[in-house]
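Peer 1: Residue-level listing of the chains:
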Amino acid sequence: MFKLRNLAMLTAPVAIALTAWSCERQPNAVAPAIGTPLAHFFQFQCTPFKMTGGGRIDYPPGTAEKNPPASHEYETFGAHVMASGLTDQNGTCLADKGALEWIDHRPEFRVNGHPLNLHATEITFAEVATDTDCKDGAAHWGGKLRVQNTGQEDLDFEVWDCDNGEPGVGHDGFAISVPAIDYAVMCPDPDLPPAEPTCTLTGGNRQFHPTH
Amino acid sequence: MKIDTMWRAIGLVAIVLPLSGMTGTVAGQMRAANAQAFGVSVNTPTVNQTSPYAVLPAGGALAQDQGQTVAVADFVTAQDAFVIVTGDADPTYGSNAVSSATLGAVSLLNGLITTDGVVAIATSTLGDGLVASDAEGSSLSNLIVNGTAVSDPAPNTRINLPGVGYVVLNEQSATGDGVTTSGITVNMIHVVLQQPILGALGQVTGYQTVGNIIVGSATSNVN
Numbered sequence: 000m001f002k003l004r005n006l007a008m009l010t011a012p013v014a015i016a017l018t019a020w021s022c023e024r025q026p027n028a029v030a031p032a033i034g035t036p037l038a039h040f041f042q043f044q045c046t047p048f049k050m051t052g053g054g055r056i057d058y059p060p061g062t063a064e065k066n067p068p069a070s071h072e073y074e075t076f077g078a079h080v081m082a083s084g085l086t087d088q089n090g091t092c093l094a095d096k097g098a099l100e101w102i103d104h105r106p107e108f109r110v111n112g113h114p115l116n117l118h119a120t121e122i123t124f125a126e127v128a129t130d131t132d133c134k135d136g137a138a139h140w141g142g143k144l145r146v147q148n149t150g151q152e153d154l155d156f157e158v159w160d161c162d163n164g165e166p167g168v169g170h171d172g173f174a175i176s177v178p179a180i181d182y183a184v185m186c187p188d189p190d191l192p193p194a195e196p197t198c199t200l201t202g203g204n205r206q207f208h209p210t211h
Numbered sequence: 000m001k002i003d004t005m006w007r008a009i010g011l012v013a014i015v016l017p018l019s020g021m022t023g024t025v026a027g028q029m030r031a032a033n034a035q036a037f038g039v040s041v042n043t044p045t046v047n048q049t050s051p052y053a054v055l056p057a058g059g060a061l062a063q064d065q066g067q068t069v070a071v072a073d074f075v076t077a078q079d080a081f082v083i084v085t086g087d088a089d090p091t092y093g094s095n096a097v098s099s100a101t102l103g104a105v106s107l108l109n110g111l112i113t114t115d116g117v118v119a120i121a122t123s124t125l126g127d128g129l130v131a132s133d134a135e136g137s138s139l140s141n142l143i144v145n146g147t148a149v150s151d152p153a154p155n156t157r158i159n160l161p162g163v164g165y166v167v168l169n170e171q172s173a174t175g176d177g178v179t180t181s182g183i184t185v186n187m188i189h190v191v192l193q194q195p196i197l198g199a200l201g202q203v204t205g206y207q208t209v210g211n212i213i214v215g216s217a218t219s220n221v222n
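Chains D and B supply the protein sequences, listed in that same order. All residue numbers for the first sequence refer to numbering that gives the first Met the number 0, where the first residue is 0 and numbers rise by one. All residue numbers for the second sequence refer to numbering that gives the first Met the number 0, where the first residue is 0 and numbers rise by one.
All clues stand as given, with none of them false.
Label-pair ranges, simulated between beta-carbon atoms:
1) D/H113 / B/N47: 24 to 34 Å
2) B/D127 / D/T86: 21 to 31 Å
3) B/S150 / D/T120: 33 to 43 Å
It is worth saying that the hints were derived from the structure and are not from the lab. Think of the CB as a built atom: it goes at the ideal place given N, C-alpha and C, for glycine as much as any other residue.
Just need the whole structure built from these sequences, with the hints factored in.
Peer 2: As structure tokens, this is what we get:
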């Protein structure tokens with residue numbers, strides 16, 4: 000009994016110390032600040048998936064509320080991508096196929112008197128994002144596109160894509176960037192659902208399938 | 000005893016085997032997604048034109064079409080018409096179909112109806128326990144009908160056009176049972192051209208439809 004009591008006296012402080020240490024903030028851990036979501040679209044994996052659908056975004060500001068129709072401050076699009084989870088020799092997640100059609104109706108973005116129209120010519124990568132709060136799935140994908148208004152082609156683009164359940168309006172999100180023409184429709188506000196930098200759909204739907 | 004046991008086994012198999020087939024059938028149920036959209040359609044005894052037009056190909060994915068300027072006789076002129084349809088059907092994860100038709104400046108019947116922005120969106124979804132369709136995102140901008148401004152018309156708003164017929168704004172028609180199927184067609188401007196039917200004494204006894212003009216149409220359905 001003496002030995003047991005001594006053993007308990009020795010191990011108890013160790014147990015207490017271990018417990019305290021496990022609760023101490025780990026400097027490399029990613030901890031969300033209270034009231035704001037985690038940072039999104041930084042962690043990816045190459046697994047088969049398919050993402051389909053399209054719709055409307057009212058950017059700016061890119062919230063779930065539609066802008067007044069007379070403002071023409073909205074974008075419409077269709078986007079479809081499939082990936083089988085394969086990678087190339089550099090570790091890039093390859094896309095099997097896909098398509099993107101994007102129309103920006105904002106007057107200030109008209110080109111040659113017509114709405115800006117982007118048309119994907121090649122989808123080169125597609126990866127599943129594993130760090131978002133998109134309930135049904137999220138993806139980061141992209142490739143090359145052509146500006147239909149001017150004929151400029153072979154421009155790199157990338158998309159952030161979020162299926163946050165049904166229905167899509169007010170829940171799903173989409174964002175696009177075309178660096179070569181300094182064009183982007185992105186909503187980086189972490190308080191704006193769904194996962195930033197996607198802007199909230201005001202029409203349409205995105206649907207994620209975790210299989211090819 | 001052995002014969003009784005054998006009959007019990009046969010009976011059990013007879014019960015279980017069909018159930019496993021039913022389960023497989025439910026899980027592997029064939030699904031479909033359909034979508035189509037057009038910018039302008041005119042249908043009369045002398046004119047039959049639809050442009051631009053897109054229909055979702057078999058197997059899903061995406062289709063699109065566009066027309067910078069669409070002009071149909073004295074019926075319609077429209078600028079910057081884009082139509083996009085997307086969709087996919089998966090036996091396990093559900094179906095999704097989204098179609099859109101957008102136009103810029105539009106004039107019908109020599110200015111009787113004008114607008115500078117049309118958006119028609121038809122979304123149909125089967126998944127996550129939801130079977131539904133909606134026209135969210137559809138809109139009309141700076142719409143003027145027979146000299147009167149019309150703002151944000153409610154679904155299926157009808158306005159008479161004396162001497163012409165009538166127009167239905169934000170026309171929405173639903174299909175499907177809402178349990179296993181769902182669909183919707185959205186026509187943002189639908190003019191029904193009519194002519195009076197005259198009686199023996201020349202009095203107007205009714206009207207007959209002689210044509211249709213539709214601007215901004217999107218259709219989608221899933222099962």
